[in-house]
Amino acid sequence: MTTDLSLIRNFSIIAHIDHGKSTLADRLIQACKAVAERDMQAQMLDSMDIERERGITIKSQTVRLEYPAKDGKTYILNLMDTPGHVDFAYEVSRCLAACEGALLVVDAAQGVEAQTLANVYQAIDANLDILPVLNKVDLPAAEPDRVREQIEDVIGIDATDALMVSAKTGLGIEDLLEAIVTRLPAPKAPDATELKALLIDSWYDTYLGVIILVRVYAGELKKGQKIRFMRGGVSYDVDQVGVFTPKKIPVDSLVSGEVGYIITGIKQVADTKIGDTITEDRKPCKEALPGYKPVQSVVFCGLYPTDNGEFDHLRDSLAKLHLNDASFLYEPESSTALGLGFRCGFLGLLHLEIIQERLEREYDCDLITTAPSVVYELSLTDGTEVKLHNPSDYPDVMRIAEIREPWIKATIFVPDTYLGNILTLCTEKRGRQVELTYVGTRAMAVYNLPLNEVVFDFYDRLKSCSKGYASFDYEMADYEVGDLVKLTVMVNGEPVDALSMLVHRGQAENRGRAMVAKLKDLIPRHMFKIPIQAAIGGKIIARETIAAMRKDVTAKCYGGDASRKRKLLDKQKKGKKKMRSIGSVDIPQSAFISALKMGDE
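If you read the sequence shown in numbering that gives the first Met the number 0, its first letter stands for residue 0, the second for the next number, and so on.
Bear in mind the hints are in silico, worked out from the structure with no lab data behind them.
Only a predicted model underlies this, so the values are computations on that prediction, with no experimental measurement involved.
Keep in mind that a hint or two might mislead.
Said to hold, decoys possible - Below, in silico cross-link-like pairs of lysine-lysine (DSSO-like), each with a Cα-Cα straight-line distance of 30 Å or less:
#, residue 1, residue 2
1, 225, 272
2, 485, 408
3, 485, 528
4, 485, 519
5, 221, 187
6, 222, 247
7, 221, 246
8, 517, 528
9, 69, 246
10, 282, 221
11, 285, 221
12, 538, 386
13, 285, 222
14, 246, 32
15, 69, 222
16, 247, 282
17, 408, 292
18, 570, 555
19, 225, 386
Please build the complete structure, drawing on both the sequences and the hints.
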């Protein structure tokens, strides 16, 4: 165990999606011989199946490397590989809080993209030293000189001595390691001797319970010590202390400047709050670390078990998953159509999709997801202010003075060939242009857009109308008054709360027609006619009817008077009328799921 702070480097790798962060981490692990060659695999730090399948990083991962530098000293490098997608920006901010430096990786062919900007600004806000790295310089399309200029023009940091590497071939990795130890700062010396450590991340292990990732700022963390979580107000004994190399390796202690994990036998998932300060129980530190900003969810939807008996299992699964991903929030709710479930908040649609998939894979949950919606602010006529998370809680229209919807500031980078398509898309989505600038042949369009237009299918359509070349990043702007109405879907005269949504008045009719037309194909025929209607308040704006299944009641009439046939048909008609008034329509779960996936088709 080293106590020499000058030999420790804590740094993150930040970049846009697919600029080569995880591959670069692989080469650094390989160069430091942290893993035997036979155990080495691509995207070593992407441990989840879902990360490997999609080829993206979802969770930040930490690894401790030992690097013998040219000056004869052995340095300890604590590397944190971060995600690139805008929906996982909270993961990036958490890692940056525990580091002193960052490698800014930019693709030498693609150049600066939207998420490159967003992530580097986070690093600048956290007062980190930034080391620019140009990756993929071995590609025929690489233009390192142009990209260097772009980094200086767009981001405004000096890139004259940016490092040239190829994470795929290993070119320039030795120079990069030297630059990390010479150009990135060591941790600052602690100002006190009391234990002070930051809880960076935590996850649930079936055998060990809760595992906690920490960065020690002062003092020493060792086995057998009694520690206290300052925000949680609970105390535990440390059962094991260790580091990731990337395997879990137990050590005697972690000292100031180091990153590692502790296991304390915590059984209550709620006791570990990400961003909490860990200190010694007997000699607590005077003040807690600043921690992290509370997460702001932007997209909300309901998660319900397909079988109501699975509600408790879903609740436990959400608690364990929340431990590992503090950026999604959940609270219980109930629905007349779907029973008991949870209202969950996410940082975006991809985040929602990943959480849903992790619940199904890792925790074996069968789920129904309601239509994604955003949070609206309502001013009521009696002067009260209300936040509306769920469209089914929409109050009576006569009580509403005004309704405000969230807007975002979106930054879109796109080659100028596709700029026209992007501008048309943004205008269609009620967007307002803020600025339009050029960097070489690439345009940077900044738009204000209503968030409820973005959560449906904006990202997919952006990619398709730019053939995948556009990159998109956004931040919350403000709430603005909007002409919004509640669209209610009724099946057989009964409103289905899981399908209700708030839409702009100008698009309500199209949305309503599309929804009822889709439901007509999804709901199976019954013994009676089923009307499907879309309504705004008391006004029906769209209707489809599912025809009844017909039983031939006149089959046994051979000849005779026509009134015999008429009598049987009238009897059937009466029966169907009675059945419609007392019969209930079974909407299959698959119909809910398909209808909610509608987007803006």
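Outcome of the hint check:
no.: 1; hint: 225 with 272; result: holds (18 Å)
no.: 2; hint: 485 with 408; result: holds (25 Å)
no.: 3; hint: 485 with 528; result: holds (26 Å)
no.: 4; hint: 485 with 519; result: holds (21 Å)
no.: 5; hint: 221 with 187; result: holds (21 Å)
no.: 6; hint: 222 with 247; result: holds (15 Å)
no.: 7; hint: 221 with 246; result: holds (19 Å)
no.: 8; hint: 517 with 528; result: holds (17 Å)
no.: 9; hint: 69 with 246; result: holds (27 Å)
no.: 10; hint: 282 with 221; result: holds (14 Å)
no.: 11; hint: 285 with 221; result: holds (20 Å)
no.: 12; hint: 538 with 386; result: holds (25 Å)
no.: 13; hint: 285 with 222; result: holds (23 Å)
no.: 14; hint: 246 with 32; result: holds (13 Å)
no.: 15; hint: 69 with 222; result: violated (34 Å)
no.: 16; hint: 247 with 282; result: holds (29 Å)
no.: 17; hint: 408 with 292; result: holds (20 Å)
no.: 18; hint: 570 with 555; result: holds (15 Å)
no.: 19; hint: 225 with 386; result: violated (42 Å)
Hint compliance for this structure: hints 15, 19 are broken, all remaining hints hold.
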